[in-house]
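Protein chains: 4
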Amino acid sequence: MDQIAPPPHHIDGFRAVRQLTETMVAHLEAEDTVLQFAPHVSPVKWHLGHTAWFFDTFILKPFFEGYRPFHPRFHFLFNSYYEAAGPRQPRPERGMLSRPPLAQVMAYRQWVDDAILALLHRPPPQHEHEILRRLQLGLHHEQQHQELMVMDTKLNFFHQPLRPALLPPPLHPQPAGETTSMSWRSFEGGLQPIGHHGEGFAFDNETPRHRVFLEPFTLADRCITNLEWHAFIEDGGYTTASLWLSDGWDWVQANHVRAPRYWVPDGEGHFGEFTVQGVRSLSLNTPVVHISGFEAEAFARWAEARLPTEFEWEAAFDKAGEPGSFLEDGAWHPAPATPGRGLRQMLGGVWEWTRSSYLPYPRYRPLPGALGEYNGKFMNNQWVLRGGSCATPSGHIRSTYRNFFYPQQRWMFGGLRLARDE
Amino acid sequence: MDQIAPPPHHIDGFRAVRQLTETMVAHLEAEDTVLQFAPHVSPVKWHLGHTAWFFDTFILKPFFEGYRPFHPRFHFLFNSYYEAAGPRQPRPERGMLSRPPLAQVMAYRQWVDDAILALLHRPPPQHEHEILRRLQLGLHHEQQHQELMVMDTKLNFFHQPLRPALLPPPLHPQPAGETTSMSWRSFEGGLQPIGHHGEGFAFDNETPRHRVFLEPFTLADRCITNLEWHAFIEDGGYTTASLWLSDGWDWVQANHVRAPRYWVPDGEGHFGEFTVQGVRSLSLNTPVVHISGFEAEAFARWAEARLPTEFEWEAAFDKAGEPGSFLEDGAWHPAPATPGRGLRQMLGGVWEWTRSSYLPYPRYRPLPGALGEYNGKFMNNQWVLRGGSCATPSGHIRSTYRNFFYPQQRWMFGGLRLARDE
Amino acid sequence: MDQIAPPPHHIDGFRAVRQLTETMVAHLEAEDTVLQFAPHVSPVKWHLGHTAWFFDTFILKPFFEGYRPFHPRFHFLFNSYYEAAGPRQPRPERGMLSRPPLAQVMAYRQWVDDAILALLHRPPPQHEHEILRRLQLGLHHEQQHQELMVMDTKLNFFHQPLRPALLPPPLHPQPAGETTSMSWRSFEGGLQPIGHHGEGFAFDNETPRHRVFLEPFTLADRCITNLEWHAFIEDGGYTTASLWLSDGWDWVQANHVRAPRYWVPDGEGHFGEFTVQGVRSLSLNTPVVHISGFEAEAFARWAEARLPTEFEWEAAFDKAGEPGSFLEDGAWHPAPATPGRGLRQMLGGVWEWTRSSYLPYPRYRPLPGALGEYNGKFMNNQWVLRGGSCATPSGHIRSTYRNFFYPQQRWMFGGLRLARDE
Amino acid sequence: MDQIAPPPHHIDGFRAVRQLTETMVAHLEAEDTVLQFAPHVSPVKWHLGHTAWFFDTFILKPFFEGYRPFHPRFHFLFNSYYEAAGPRQPRPERGMLSRPPLAQVMAYRQWVDDAILALLHRPPPQHEHEILRRLQLGLHHEQQHQELMVMDTKLNFFHQPLRPALLPPPLHPQPAGETTSMSWRSFEGGLQPIGHHGEGFAFDNETPRHRVFLEPFTLADRCITNLEWHAFIEDGGYTTASLWLSDGWDWVQANHVRAPRYWVPDGEGHFGEFTVQGVRSLSLNTPVVHISGFEAEAFARWAEARLPTEFEWEAAFDKAGEPGSFLEDGAWHPAPATPGRGLRQMLGGVWEWTRSSYLPYPRYRPLPGALGEYNGKFMNNQWVLRGGSCATPSGHIRSTYRNFFYPQQRWMFGGLRLARDE
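Residue numbers (our numbering), protein chains in the order written: chain Y, -4 to 417; chain X, -4 to 417; chain S, -4 to 417; chain A, -4 to 417.
Hints may be right or wrong, so weigh each one.
One copy or any two copies: either way a pair holds, since identical chains are not told apart in the list.
Stated by the list, open to error - Straight-line distance between alpha carbons at most 20 Å, and here's what the computed SDA-like set of lysine to any residue pairs gives:
hint	residue 1	residue 2
1	Lys372	Gln404
2	Lys372	Tyr401
3	Lys314	Gln187
4	Lys314	Thr213
5	Lys372	Ser241
6	Lys372	Asp242
7	Lys372	Thr235
8	Lys372	Ala298
9	Lys372	Gly231
Since the hints were made in silico from the structure, they are not lab data.
Using the sequences and the hints, build the whole thing.
Here you go:
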């Protein structure tokens, strides 16, 4: 985070990220923006307010002299989880906020944007460096919420009887793609550098760079597809206890899990899939998506393989990683692998479950103050996912990026790539 | 239900009731109409759709030849609890319906209205009688939902941090009123006729008219006020186990109940009250409202009195009942008693808890078919309330009307009037 | 409760009731006496202690000068629900009391018995009347717990994989009995006296005697049998929503109820029944037992009849009631009806569900003090059952006796008798 | 597990371990052995049966020709979690097993012991090696249940009003001990061998031995004491959000955690502690015990330190580890540190929380068959604890031993030792 670009760059970046957020929601109904299907998702309106609140709280209030907050209660409404920032609307009740209405939240965003731009044009010199650091953090934060808006709206829409589409139908439907075979690539292990190297932005949880000793391993050159997942189902994967971790087996039983989150049985033995364009027939060559860590782990055991560790993933990426599709591509659904020579689909496409717990790197230090709550306090019982997804902005992802979810969670765009011992 | 007025009357009545519903919600934000704070309340948008669905299902589909439904899935979305009418959106998930958007629901209402008016202008003679019976039932049904919309929105708004007002502030604030003393009126009991006498509309649960033997009793000539309720609190009413039914005491403990539903401690030992106009200072001469049956029963014991039975209430009304305020008065909050010689505030004002269980009258017969689910199947564990409230349309209430809620419920406008043995 | 017999009678009665309790549990294992399958049942060891605590608390402590309690904490352990008697072991955690061990609880009983007998031989004259009133109440209380011990142990044993028998197999197995046809008996209604007439013991909830106006009705001359219940099942009774109260239908769905509580499918389309002698084949002519009020009510609707009110039951009993089997008969299971001319099986056999809510009689007054918590505070949401069961001591039951349970409860010996409008 | 001692050694070991189990429970009441306070604990009677079942299932049934099981249903009753071994009594309902009575369970143990000894005297040569391997595993398994019996009974007894003692009071009370200062010992890190080296018994989860790269670190030379924990409380440790992981903070709030599991406020600002000898005053120099991983982690942050990783712990032990107290010492409570030059109290005393997730070692392979369910399937969301406790048999623990619990669990004897970056 030490390389801070000069202001004009920041102003453009700020405008672009903020604008993209609003473009993403332009076609939603006002009622759509207040839904909260479950405590772990948030209403779109709340995302819109919270991403403004971040700049409001961490930049404008401390650094913009004479700044007048937009509304005295918005601090309470739009704080997410920052204990150091005071009390807040309980997370499970975010969906009760019909007020402020959407128009007022958009006005709040405009108010914050105007103030940020005014501040950026004439920043107080003694705070300029810190302002720019926080601006950068705030934009990466907003990009995370861009992905969350896709995830959350998809879930909210799936659980409505009308199952509306989040996006209009595409002009040119995605080609089905041919099955490209999966091959294995070997890596020799040894002491590997892991973590962010210090140029460009990174979250604190990617630091410090340090060494990890790895045994030799092999990694699949593409993600697992719907076709392969279907074979797992057909072979009794969901009903064979010995494939599952004990917690995973309890979860499968308690929730009657029989397929990925958005697969929809058509009543005649086939599956459709709910996507941002509504329910459509299952695309067999597309990476399987919206699976839990438990499912990924069970599939890997069934396939006589295993999940990679996050260190294996990162070390392999450094040698042969290739990108897939991102938020800006506009499909918000993973695409089939195309032929290639490296490790295809490593960035974008689907988040790849690893068999690593989300833990601090050696000598990890969180950011000081309230922003220290960004990452460190969540280092418990979550698994690391790597590589970003088709709903991740392309400028947001990098090889050292550590995402984390509980192993039963499925509403993010999570998939898997297999590993094996060499 | 046997006296059916001629069509023109019905057309006007239909238009008036349907229009009032829409007037009531005209100033709400679209987001307001999708909220559902708890499973027992429904979103306003759902009420709007369901009241159209009632005419759609019970009149248009069976009797309007060539009728084409507005949307194939609305039957699923807007059925409430009629098992005989097929599957439906689960009640606790009505708040997940961002779609159809509000505008489409209003269009559905218009579609149904147009069809009903067309049908009424030229009803098939062999069905005319039944159509008019169902029309009347449908309008009383819609009036019930008018009151529910007030109750539900009040609850949804109370649980938002901004605590918005449902109504704009009044031009002329309600006068505080003077305390009018409470006096007791004696009734001699004996064999009393109970139930609807057969003229005008009544629900099936008010029939058949029959005889009940009553001991002599006395009844208070007005409802209990906030001032009197405050004395109950000050005297430890909520912390004295011996005043409470066992189930009530469990409920008080488990929910930390210390005051009526919408009383708001101001942090300095006083209470404000959340009303449809937002939080305002507690009006001491106003009837206490939004109390449970458990609280009403405990208060009565504290006051060395008891709740009346529904039969005592009805017998007393026939001799001396006087009205209070209704939905059309526009305050949607009870008003203080004014001096009078009879039993004041018996109709309108607040629903009055009785110590009667909601049970079938001797020889009770539900309506045939799906409409038989309207009342009879709810005759378990609920208590009867009598008299209507300030949120009840004035044309909807009558002395034989039996409302029913579980004794722990508080979101309706429930209050109490004391009784004693003579 | 005003006729108190002279002491010798009481001493014999006291000894007999206390001894029967201990005889009933003589063959249990110590571990059996600590089980609590669900919060609404209590361990046998707790019943043994609590019935001693009743005499300890309400007679010995107030009236026996110089009395020294057995153990300082037993007051806490064995209070059931008397708020006025202070804090107590939470009901759902009675099953955590491995200590005191059974032997110590039996010693506590002996301690209390010795003190009571000493007190009875030389009662303080000014308290003698009150002591004898409470003694009588305490013995009726202990008889209620005798029935509860059968109910609770039966439930605890049913939910063990080994399904042990509570009683040894009978020397002479009960004869299967012939089907005796069911006939209807008419009653003309009118103003009927209801409630206890004042001679002999009665609980406060049976008083005061008062008048109720009844329409003409008919009552079945015996209870519904397993054979008839089986026909209800075969006819889809449990899957036909229109037969059920709304709360009942929710209960059936949520609990997957498909048969009475202790019916056990044998896997070949037939049912066995778990009894106090273990699982045995279903006796078709025996009254159905362990059904809920919801089931009874649905069955009655299916049979084009209804449940009687408690007033109808009592009025009919006064004219034609006949007894069935009781606790002392030793079978602890109802017996088939034998031919007869009156209303057979009205006392004993099975508790008969009525369609009356458990409410206070007009001018009802609870006992003063803590004993006032015996009945009155439970008058909410429960239904009245009449007539006692095969697990009720014969000296404990009478025609005015009002038992009460929530309509979903089934672990007591509840069955039904049909009524119809005349 | 490859070095198998000759039979006589095994016979003695078998007898000793089996006898110790029975000695441990000799003074319990029969009722004590059936209690189950919470789903995660098991009744003592179940432990007694299950440890016999293990030999029954994995040795006698497969290898003892002509073996006749003791009871056809015991296989169902006493299977713990082995999916491959078929259905079983649901874990939360183990406390419902009043039958078989204790005496019959002891007879089952005797039956199994007799058969095992018979088999060991004349083992089928082709299976001898496997029998001995499983025997060894079965004895280590039984030792784990010895510790569980202490943990579970302690919890069951704590939640009874009488708070009985599990052990009689000691003849010679443990000396309070002097405070011994805590000092730090440095380790230089680098590539360290981790895991079992192959001699003697180890569980599969301790293998294979492999290399881990460590940064330099320091480790405290003793565990944290009650005195130090009290300072954490006094300094607001339990009410300072910034010290806690997010999940930990939620847990503290939801459960109102304010002290270790068995600390008992005396009402005058001091704490007592419930031990196996009942409640006694808090011994300040004794290691704090019965704390969760969340508490340990928060304490470490408060102390400006951190928890060690399991690899640091193991590497440090190899250089300087010293033992504390074990099950055989008979106190079943940790003892204060005595002066010493190494890392005191590393084995025995208290299990030490590490900041390592319980994950498979590289190239880990579970045992084949049902026994493969012993460890591997639990590798999710649990944290590793190292070193054994005062309730661990001394022959059961070793430096590579990996114990694992969820970070909120406290009923085992868990404490902590601090680490810091060098």
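*Okay, which hints does this one fail, numbers in order?*
Violated hints: none at all, because every hint is consistent with the structure.
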